[in-house]
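> Protein sequence lines, in the order shown, are assigned to chains A and B. Number 1570 marks the last residue of the first sequence (our numbering); no jumps. Number 1570 marks the last residue of the second sequence (our numbering); no jumps.
In case anyone wonders, no lab produced these hints; they're calculated from the structure. Treat each hint with caution, since some may be false.
One copy or two, either will do: identical chains are not told apart, so a pair holds if it fits within one copy or between any two.
Within a straight-line C-alpha distance of at most 35 Å, the following computed DSBU-like cross-link-like pairs (lysine-lysine) qualify [as the list claims (entries may be wrong)]:
1. Lys1521 with Lys1415
2. Lys1422 with Lys1541
3. Lys1308 with Lys1521
4. Lys1541 with Lys1415
5. Lys1521 with Lys1420
6. Lys1521 with Lys1541
There are 2 protein chains.
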Amino acid sequence: MPVIHVTQQQTFPQLDVPPRLLLGPGPANTHPRVVQAMGMPTLGHLDPVLLTLMGEVQELLRYAWQTENECTLVISGTGTAAMETAVANLVEPGDVVLVGVIGYFGQRLVEMAGRYGGKVHTIAKAWGETFTLAEIEAALVQYQPAILMLVHAETSTGALQSLASIGALCHAHNCLFLTDSVTSLGAAPLFLDEWEIDVAYSCSQKGLSCPPGASPITFSPRALHKLENRKHKVGSWYFDITLLRPYWFGATRSYHHTMSSNMIYALREGLRLVAEEGLEARWQCHQANAHMLWEGLAALDLTCHVSDPAQRIPSLTTVRVPDGVDAAATAKQLLHEYNIEIAGGFSQLAGKVWRIGLMGYNSRAENVALLLHALERVLHE
Amino acid sequence: MPVIHVTQQQTFPQLDVPPRLLLGPGPANTHPRVVQAMGMPTLGHLDPVLLTLMGEVQELLRYAWQTENECTLVISGTGTAAMETAVANLVEPGDVVLVGVIGYFGQRLVEMAGRYGGKVHTIAKAWGETFTLAEIEAALVQYQPAILMLVHAETSTGALQSLASIGALCHAHNCLFLTDSVTSLGAAPLFLDEWEIDVAYSCSQKGLSCPPGASPITFSPRALHKLENRKHKVGSWYFDITLLRPYWFGATRSYHHTMSSNMIYALREGLRLVAEEGLEARWQCHQANAHMLWEGLAALDLTCHVSDPAQRIPSLTTVRVPDGVDAAATAKQLLHEYNIEIAGGFSQLAGKVWRIGLMGYNSRAENVALLLHALERVLHE
């Protein structure tokens, strides 16, 4: 046997982490009940008890998304993994794809759709704005896409894209409708079936109050029909829904990958909290705390980047950085002096906005009060 | 606002799970210290404290793998995600790839390499056997591959492929060497640099005693050179190492996806346990408990599927199912009467073997004793 090199055999101290209040674009703080659930004993990925719990997660997701889609499941990865799953399964090489770009995450969809062989067209608005129905319709007529992709809550800008009626418009133009609901699920009104959305995905660490790592996705019967009639295999094996379905559905469950029981426990608990509270109460809570934040910001002479309150994401607010203020230094000071995490903008909005999240468990009046007080001291002292 | 459908607003009871002893092919039971670490407060994916912890995980992984590879990091997904990351980054369309297939996971590499455009050739052995150095050399001469892929510990068969000298042989033939160490890391001797392995990946839920969901991967300078000179973008965005490196390395960390702090805590703790025990002691422990199992199985007149003990994986034993015994019924009885999970075989070995894992935290004499006793009662009463 070769010699074991012990140069790297460092022993690091027992884990300790600061008690951050996570008011950035996600993750939010994990709900204590989710932490507790996640620590329950690990189960095998084919244990009948785990399969039952997975079925409950599917039911709870259907409620949270307001959909009857049978093909509703969880990807073993972060929201970005679920985004790639949506794109990889829906787009075939040569498909005409139209992406509405109102910020960074729309741009990411463009990049992914291109990697999976889509002929990608884009329409774009300034970061902070959203599309009108007429603009969408004109683009559908112009590009005749097989798939339209839109981000519901664009976390990079704080803008909430209205989705009602777009699905029906897509279907009238023989087009499938994919939406990113990473930041909206569990935080803002979302009606997948009513709005005729064909594919949606989300994450665990925002509106659902879980750690990152397990990401919901759902496919309408229309989307499944396209998937089942693909001419090419899905480019990715890990994200291939045709291979994941026999694991998630049916009488004989067949191994695909080692699903994390502990993340299923977490997601089930986060979704139980949504169901217990009820969607309407939950959406109202996010809206009320957002209003409290917006009023407090105005009292500090700070301006929201998205001017129309109806177009703001209730769980993620972008605030303009006043002239002469160093955005990064302010965020760093909040982190170091108050253990509060907020984020800056990036790309087009780098240095120009802060991004403040009030998501899931963190959407509470006491967090708004603390942040406003800390922000006032940091800015005005 | 549309009407909220409450038909799916089911409330499920508080989570409860049975206290399984996980003696299948993984996951193993999560170490209590890992559970404790995982429950610490969530941190943002760009928090300086998390970035420090990620650096510690990288150091600890280099020790566990016995490598000085700078490009050692963690994929946010299961071992299968890390496998796909290895393949997606190393294989370019048109590359000649040689895969040694000694079981299911070799076959999976064939499938993935094909999806990423490789011109794939295979050599194969019966499930339970391994390749000799001469067989590998003959295939390198015949196919002149750019990449050779081998599974170190083939979990579907219980066979441990000897890897010493193969890397040097590959490099003499101008070929890169990729190995799957999903089941061997932290359980069986593994010397990445000494054995000249260019790309290796693993998982969290076997030798490292964590839940599934965060998967180590490492690239040698030779592998990075190929990656940096690719003509085509990596097919997957989520698994693209050229995008992941700016998040994991360098002075300015840039966002790629939302890494789970809680899984980093888990992995750090699992790897700390490896470093505290020391690799040599850990490998000896796995070997000693495997021997205890093998002797106990022989006393029950049961035969190991891999005849040569030196070619058996110390952390995963395949046992032949005696004539007239229903393999699935036995496993089910162990689960329901004793809360012990073992697994059956699949594909070529379906119904013919059981697979018994003694991995990481579960590699303990008391688990062997309990299993042998329970197995005897189930088989002979």
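> Please work out whether the CA atoms of Lys1521 and Lys1420 approach to 35 Å or closer within one copy, between two copies, in both situations, or in neither?
Answer is neither; intra-copy 51 Å and inter-copy 40 Å both fail.
> From the Cα coordinates, with 35 Å as the cut-off, is the pair Lys1422 and Lys1541 best called within, between, both, or neither?
between (43 Å within a copy, 32 Å between copies)
> Checking Lys1521 and Lys1415: alpha-carbon separation at most 35 Å within a copy, between copies, both or neither?
Classified as neither: same-chain Cα gap 47 Å, cross-chain 38 Å, threshold 35 Å.
> For Lys1521 and Lys1541, with the copy left unspecified, which applies at a CA distance of at most 35 Å: within, between, both, or neither?
within (15 Å within a copy, 60 Å between copies)
> Regarding Lys1541 and Lys1415, is the shortest C-alpha distance of 35 Å or less found within a copy, between copies, in both, or in neither?
Classified as neither; 42 Å inside a copy, 39 Å across copies.
> Within a copy, between copies, both or neither: where do Lys1308 and Lys1521 come within 35 Å Cα-Cα?
This pair counts as neither: shortest intra-copy Cα distance 42 Å, inter-copy 50 Å.
The structure fails hints 1, 3, 4 and 5 (numbered hints given earlier, in ascending order).
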